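> Sequence:
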Amino acid sequence: MKTESKENYIPALGLDFLTPFYDLVVKWTTREKVFKGKLVEQVEIASNGRLLDLACGTATLTVALKRRFPQAEIHGLDGDAKILRIARRKAAANGAEINFSEALSTALPYPDEHFDAIVTSLFFHHLTPANKRKTLGEVFRVLKTGGTLHLADWGKAANILMKAASQPIVWLDGATTADSLQGRLPELAAGAGFTEIRETANFGTFFGTIRIHKARKPL
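Numbering (this note's numbering), first residue to last: 1 to 219.
Read the hints as simulated data drawn from the structure, not as lab findings.
Given the structure is predicted, the values throughout are model-derived calculations rather than measurements.
Every clue listed holds true.
No more than 30 angstroms apart at the CA atoms, straight line, and that leaves these computed lysine-lysine pairs for DSS-like:
no.: 1; residue 1: Lys38; residue 2: Lys156
no.: 2; residue 1: Lys82; residue 2: Lys33
no.: 3; residue 1: Lys33; residue 2: Lys144
no.: 4; residue 1: Lys33; residue 2: Lys156
no.: 5; residue 1: Lys38; residue 2: Lys90
no.: 6; residue 1: Lys134; residue 2: Lys163
no.: 7; residue 1: Lys134; residue 2: Lys156
Whenever a hint applies, use it, and build me the whole structure from the sequences.
Okay, here's the thing in structure tokens:
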């Protein structure tokens with residue numbers, strides 16, 4: 001999702017034919033169980049709250065959120081129809097009632113002040129700087145006052161080894177990764193109006209350092 005145009009949509013692994021292999025690649029290269037477990041753990045909403053998994057992909061994280069908050073209204077959104085078909089099958093196989101929508105992150109199909117929390121993983125590096133700002137603006141709009149954003153993505157390399165490991169991500173996703181790998185996501189979140197922005201964890205992986213951040217829409 002590198003532009004607002006649906007015609008220019010970039011699939012999760014960069015190429016459409018790789019989509020069926022997404023779960024396998026993420027599982028074995030990103031320490032998925034560990035970092036997504038941390039994301040789920042840090043979300044705090046009322047048991048009957050409303051939560052969005054932005055760019056939900058195949059819904060591994062979305063299903064995990066539903067398991068933690070079984071009474072909550074869980075939504076998953078992605079711009080890729082093919083990956084959403086996989087997500088719906090996975091949710092059904094797990095008996096998870098999830099509301100899936102196909103749309104772009106720069107124009108979220110939800111009213112203002114709709115969600116208690118929004119979670120997103122390995123997505124923002126796909127976006128151009130302009131679309132990162134637009135997406136953060138949309139996230140801010142649809143979050144309730146006091147609501148939280150939980151964001152996991154490739155970030156500034158923790159060391160030289162992690163910097164070298166991140167080069168395939170740069171090659172696959174191109175220039176849009178630059179500001180993410182420079183550690184600018186907190187700065188961009190602040191520019192959208194978020195406060196209490198902090199890094200809660202970071203993990204070394206086969207493709208570089210994943211950093212997890214939490215931010216709040218101020219009261």
